[in-house]
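One line per chain: the protein sequences are A and B, in this order. Residue numbering for the first sequence is 1 to 549, as defined by our numbering. Residue numbering for the second sequence is 550 to 1357, as defined by our numbering.
One thing to keep in mind: the hints can contain errors.
What the hints assert, rightly or not - No farther apart than 30 Å at their CA atoms in a straight line, the calculated lysine-lysine pairs in the BS3-like style are these:
| id | chain 1 | residue 1 | chain 2 | residue 2 |
| --- | --- | --- | --- | --- |
| 1 | A | 220 | A | 103 |
| 2 | A | 147 | B | 650 |
| 3 | A | 32 | B | 650 |
Keep in mind that the hints were calculated from the coordinates and are not lab data.
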Amino acid sequence: MIPSTSSLIPQKKAKSASQTVLDKYSAKVYKKRKTHMLMVDHTAPAPQEIEANVRTIPGLLTHRGCCYAGCKGVVLGPLKDALLLVHGPIGCSFYTWGTRRHKARPRKDEKNFVPYCFSTDMQEGDIVFGGEKKLRTAIDEAMAIFKPETIFICSTCPVGLIGDDIAAIAAEAEEKYGIICTSFSCEGYKGVSQSAGHHIANNQLIKSVIGTGDSVPITKLSINILGEYNIGGDGWEIGRVLGRIGYETVCVLTGDGAVADIRNAHLAELNIVQCHRSINYIAEMMQAQYGIPWLKVNFIGVSATIKSLRDMAAYFVEKTGDDSILQRTEEVIADELVEIQEELDYYKQRLSGKTAFLYVGGSRSHHYQKIMRDFGMSAVLAGYEFAHRDDYEGREVIADIKVDADSKNIENLTLEPVEGKYHLHLSEAAVAKLKTTVDDFGYYGGMMKEMENGSVVVDDLNHFETEEFIKMLEPDVFFSGIKDKFVVQKGGVLSRQLHSYDYSGPYAGFKGAVNFGRDVSMGIYTPAWKLVVPPWKRQPFLSGTIGDA
Amino acid sequence: MNNTTGTTEIIGATEAAEAAEAAGTTGAKALISLDVNPCKMCMPMGVVTAAYGIEGNMVVLHGSQGCATYIRRHMATHYNEPIDIASSALTEQGTVYGGAKNLERALDNFIRLYNPFAITVATTCLAETIGEDVNGILDSWREAHPQTTVQMIPVISPGYGGTQFEGHFAFLAALLKNVEMNSAPTGRVNIVCGPMSPADVRWLKQLVCQLGIDAIIVPDCSQALDGQHTEVYSRVHEGGTRIADVLQMAGSKHTIEIAKYLPEKLSPGALLKREYNVPYTRLNLPVGLRDIDALVNALKPFATLANVEHAELKLERGRYLDAMIDSHKYNALGRAVVFGEPDFVYSVARMCAEQGIMPVLVATASKCPALYADLEAELAPLAESMLVEKWRVIDEADFATIEELSVSLGANVLIGSSDARRIAKALDIPLVRAAFPIHDHMGGQRVRTIGYEGSQALIDRITNALIDQCEGSFREKLKAKYLVQPDTAFAVETTSRCLSNPDASLPVRTARQYLSDSVKRLCKHPTHEHPCFSKRCATKSTRIHLPVAPKCNITCNYCLRKYDCPNESRPGVSSVVLSPPQALKRYLDFKQQTGKVAIVGIAGPGDALANFDNTKETLRLIREVDKDVGFCLSTNGLLLARYAHTLAELEVSHVTVTMNAIDPAIGARICPWVSLDNLVYTGEAAAAVLLANQIEGIKALVSLGIIVKVNTVYIKGVNDAHVESVAQMAHRLGASVQNLMRMVSVKGSVFENYPQVDKPTLLEARVACSKHLSQMRHCRQCRADAAGLLGKDLLVRSLAERRTVVFQ
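Produce the entire structure from the sequences given, and follow the hints as far as they go.
So this is what it looks like as structure tokens:
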């Protein structure tokens, strides 16, 4: 479905906005940044292309993080029963301690290392003489005190440069203690953003964790939830709904997740993928090794949640030939809606006609457009920090993506079916049939197809561009993270953080949608905004310079 | 994390830590290689914060972009301001070919968009590890841009070079080195600040204004990091020390450096003295009356306004003194933990001491070996007058160490950054957020600590935290946190006690006092039939231990539940683990074989209560088929309070609790690790949690009429002088008998090389203990799967199939 042109988008301004912003750059930067911006035009003769996942331009205030952030912080961080040991100087260990709101609730007798931060705290001497000995004793100490069943070692910048062999040390520890001990060489300088770290984490989990368990699911409706990190309890709300319908979750990668469960991931019947960017490698690799198909879902917003639930049901009907799951799905949807409809209507009435910028990581900027539309809002600009072209344009472009030096440095595993563990879950004919009704089965269409004509897309939107676009496109809300929000918020525009939900949440599922509506309404209608006026409504936005010498 | 060791290598570390402790110095963190929950950040963080105090000065971090992103995120959360840090965004290619090109492009792009007056180029782990020559890169950049007016300030700041505290001063040193100084005399006064909040710097500015001093305050973050709402947004932050003023520092008549632990080589005061002969005075952070007075007195000679002897300042000081007097009685209850940067902890500890708040723990994460000696003269007499026995001053600390010491030192208020919020929550101790970073509250930029009003505000917050805690029945809360509550509504009479002092005024009770008639009925199996409790029947009554409990929730240094040897007989050893139905079968087989069984016992091989589902089910199954057999179990006592009532319902008549110490310091040497409800405690905290629950558990059992035996493992050199105290306590709790056991040295356990006690010594100890509690003298230290008469175990026939089991 191609969305129609929204009356909320200031078409004229949008058309000239990119140009105005780019004009401030030097010729070199102009040329580079130009390819990262476009105005959505569904009437264009060929699909629009955007540049993404290439090196950050030095000196511009990018909001991107590093490889370590993607590996240690995003993918591995939420795991409860793995002791994450950062091998490196203290800073990066500290900066990932409790900074992401991935909630964890250990089951009875389950270890929970999420509240902890473990580091080898390398000093100058360790950089000069090597940190291997320190890492070894740190593992011994961690084993003596915390007795984990899994240790994941993550390295920061200096480690790769001084050549500490963390893989060998991990292997030694596995042997010595009979635990899972895996190393992740996720030095900050690898790749061009967090994205490289996601890939490294995906690779290691496939190599050393997935497929090592033997706990067979009890029901025929078993699934893995991929790319759901339980920010503010999102995963719990999704789990609640799936549980009502009767799905059995084998494991979650990785929100409130456990290595003990992920070991059994290969025994599930279906992978559902929430965050495509950070976890699609595992979905693909599990299909290759174990034959498990995957389905792209989106549990942000009521309409998206309903579609995802129906898609899942369609798969299981096709697979089992039993359509009771479809009935059960519809019952639960109807029941959930009854409970929240009144509140949804109220917030819709408050929010209709409001516009927003969406600038989040690698999937959320897409997911949140649906919930906004449910409430009658519109995205005038959307962009990702670290996405690839397929997250914008759809997986059909993957084959055309240029492989550059940076992506070559991240190992790309080609995997064969694992003997005895590979199952063909659906016949080719059944897959083809399913695909005619479920477009997201084994496929992701990307963000741009669902954006309105005239809306602006910017990849790796930096601080300067944010400020420029804001004053031209005048949104009511700026959805982003903490680093980018203050310039906008202090100018008098509401900001909501979509990485952390500003200590709120969950926003996923049925009940989460109500929370989202409530939070955005509260924000837009706060009395404080009456006391300040956004700069563009009063006088031109000036960029000041200081200098009197 | 003292004494929480598992390998011989680390035992060495513990000893080193103990030696350091004995020498009265530092070394609290016994884990040498592992930092658990860091109490520090990296150098570039300090550089950026200090750099924000120079007008028109922006930072480019030379390294991977993550460094800039993380620091922006952390500063933005604390200051609630946009934090603009650029990065040279080095990639893998840069690490191979050098990052010069990236840095040059970063400078070009940054200047084009932001056009700052000065740029601080700070290095990171990455740049320093690959050996970047930033000065060289900047030289060639300047050559290529001859017309540039941008002041460049290169700083060497690898993350591994120090904490944010050192980073702050590394920036200041670089600033003075790179700005072209002008030594023409100006008559001004330099004030060099360590890390301070914007609100604190504002007070300093107001102070010099009051005194009429023309001061150069550097750095001045009062506006840049605590901005006002403006109609026009400026991309380059406003406010701060102007470079035009910085260069005049060489011509000032004096420098006052507010930085107690500033390394001499980074000292701007020392540099200005050395190169421009500007005299300087080093002062403490002006927190607390003496150190504020010291600053005011140091400034007074330069004052030009003698307006009525600085009446306003006098009033401020007077109000502060008045406030101190008003709150002294609440403060006397304060047992504070002060943690953070060296200057902060030093001055806040002194301020607390002035107020009669005992800082039981002063901890910094920086290397600061002088801290202890500097505070000793202050804290030792205070401790004495406050009757505080134990207090510590430590450097290179992590939060795991701070947490453990907070428990063992009996702290009731934490003062520092918001990073201790997890400890505050876990221990139910209030946290006064007074230092960077404050991530979970608003207003970090406005936190006041210096000056009369600042210290007064801080003290009020501390006092109020103490009052709230006192009023809010702190002890009850702490108890609820640490003591395992009964799993039924059954009320167990308890008395309120402080965790760290288990010896305090316990009522004396005996079993008899609590044996009401209804309870007596539960106790069908008189003690004279139990082979352990009665020597007379030891040769007659048969008993069977059913090994249904493999897991344990504590770690004892003498124990290893790993190996099975059919020829070895000691607690914690078993050939198999049985499920409840298997245990029932075994019991029935055994009964058929021997005729009469007096007692069924659950003795591990782990802890009977740590596997309570199995234990409960086993006893239930046996009771279904046998109404007469007596039940007995042994436990470490950690979960005893929770399950005591259920044990009574299951008709357990005898319980053995292993209690090796009643002093957490000694307990920690024996049992350094406890896992309770998904939380792990180590060291003295672990021992205290275990002990508190043993005490409540035994009291509950006794009140239910269950006969309690206390097992005490006699470990030479550890608890040998302490076993009599254990006996005394056990008696007061109402236990019936004590079993003083020799320690079996188990190969591979931590205590494997500890000496065995000889028989005469053990007998002597039993005589001493018998003054308090009758002694069991016929123990055979049975296996967890023993069956038969004491010392004459039979092999149960159904267990022909043996296998080696490695327990968790």
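Right, here's what the structure says about each hint:
{"no.": "1", "hint": "220(A) <-> 103(A)", "in the structure": "28 Å, holds"}
{"no.": "2", "hint": "147(A) <-> 650(B)", "in the structure": "47 Å, violated"}
{"no.": "3", "hint": "32(A) <-> 650(B)", "in the structure": "17 Å, holds"}
Taken one by one, the earlier hints fail for this structure only at number 2.
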